[in-house]
Every structure is written in structure tokens, then in C-alpha cells.
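If you're matching them up, the sequences are chains A and B in order.
For the first sequence, position 94 matches number 94 in our numbering, and the numbering has no gaps at all.
For the second sequence, position 8 matches number 8 in our numbering, and the numbering has no gaps at all.
The set of hints was computed from the structure by calculation and includes no laboratory data.
Honestly, I wouldn't trust all of these hints.
[What the hints assert, rightly or not] Calculated lysine-lysine pairs in the BS3-like style (CA-CA distance at most 25 Å, straight line):
| # | chain 1 | residue 1 | chain 2 | residue 2 |
| --- | --- | --- | --- | --- |
| 1 | A | 142 | B | 71 |
| 2 | A | 54 | A | 73 |
| 3 | A | 129 | B | 29 |
| 4 | A | 129 | A | 142 |
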Amino acid sequence: MTNIPALIQMLAECGVEFIVIGGVAGVAHGAARGTFDLDVVYRRTQENIERLAKCLSSYSPYLRNAPPNLPFKFDPPTIRSGLNFTLDTDLGALDLLGEVAGGGSYDDLVPHSIQTRVFGHSCLCVGLKKLIQLKMSAGRRKDVEAIAELEALLEESDRNRE
Amino acid sequence: MTSVAHSTTRDSAKADPEEFERLVKECRKDVDLGMLRANLRLTVEERLTQLQSYISAMEEFRQAVRTAKRK
């Protein structure tokens, strides 16, 4: 079972630079749709890649839905040679994205993100407008209802600010 | 409040953009604004804690169904 607070705490305590996107970002903004994994965009600097690898090393990261016993090691060379990783960990499902369609890299997304404080840590969460753009760019049919909800949420949030 | 994220559309390849926007527009009328308004009254941490309770409850439910099927 995925432990969202524990995953966020783990990444924040390790000093990993990341931005929460996907369903958890939607919930953080007020969406009612549940999700079962944490999607984050991580910064692809050498230092951050090392922090990420070290951080996850105690949580048995493995490729989700991959056959068991593959010679997979989530270390800096693996992260550098890959980009996006769909992982299962001891804390649950974690999707680590170096880049995201419609949003680009961590540095591209920072200006469209908000700083929030959760579970005793400060972390970045992609802004609602950008989150809608990301889901639109992905263009997946399964996201249709989620986008409709996020658009309604954006209208409600704007109305509350007026 | 957290609703179950079930989809009435197919999780297949990318839809064509016009059709996609039409589908989004169509789904807008089904959005539960009451749930969104209730969520907007919570803090971010409360919303995420609520999500975690939902995940835990779903896991418990899954296990219960799995056990029942074995009997």
C-alpha cells in the first residue's frame, strides 16, 4: 500500500529537489479523486541524482510490473542513463519523472509551482493551471474526468478569491 | 471527501484534441461541486491525510474481497 505522507517525508528529509504532480497534486489543490501513487518530477542535476539514489536505497526500489530478479539497481548511473522511472518501493508506488509532457523538466516547472508545507516539510507542488495543462498534454482518455474536475476546481478557487 | 476514481472512458491511446475537449466539457456537468467546496475548506495537509485514509480503506477492502474469494 502506498504511503503518500511517508514518501513525501522521505524525499524531503533526503533533500531531494522534486515537484509533486499528478493525482496527489490534484488532491492537494482540493480534487476529490483518489490516486494510488505519488508522481514527482525530480531535478536532474548530478547532486540531486545522487541524493535520490541514496535516499531510495533503503526502500528497495524496483521497476513496477517488471519480472522479479532483474539486475536492476537504482543508482546514479541508472538514473543518468534513464529519465522516467515507475517504481515500487517499501513505501509504495513512486513515479519519478525527469521530464513530463507539456511541462518539461524540474527547472521548467518551478515557476509554475507553489511552495507548500505538509507533514513537517516544505515541498513544491505544481500549480493547478499547470496541472490541467499537463493532463491535457498527456491526452489520455483516462484523464478526461480528472481534467473536468480540475477545471471546476480552478473556477471554484478563483470564485473564492474574488 | 475523496471519491473513487473510476473511469467511464477507455484508458487507451491519446484521443484527438477536439474530441478530448468535447469529452472534458461533457464530464463537467457530472462534477460534484459540493465535494470540491468541502475540500477547499481543508488545509493541504488535511486533504492529503484524507487521501491516505482513502488508500488505506481501499487496501483493506481489497484484502477483504481477496479473503472472501478464497473461501
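(request) Take the C-alpha atoms of residue 129 of chain A and residue 142 of chain A, compute the straight-line distance between them, and say whether it is at most 25 Å. (result) Holds, at roughly 19 Å.
(request) Please work out if residue 142 of chain A and residue 71 of chain B have their alpha carbons no farther apart than 25 Å. (result) 34 Å, violated
(message) Need the status of pair residue 54 of chain A, residue 73 of chain A: alpha-carbon distance at most 25 Å?
(response) 12 Å, holds
(request) Assess, step by step, whether the Cα of residue 129 of chain A is no farther than 25 Å from the Cα of residue 29 of chain B, and give holds or violated. (result) This hinted pair holds, its Cα atoms lying about 20 Å apart.
In this structure, the one hint that does not hold is number 1.
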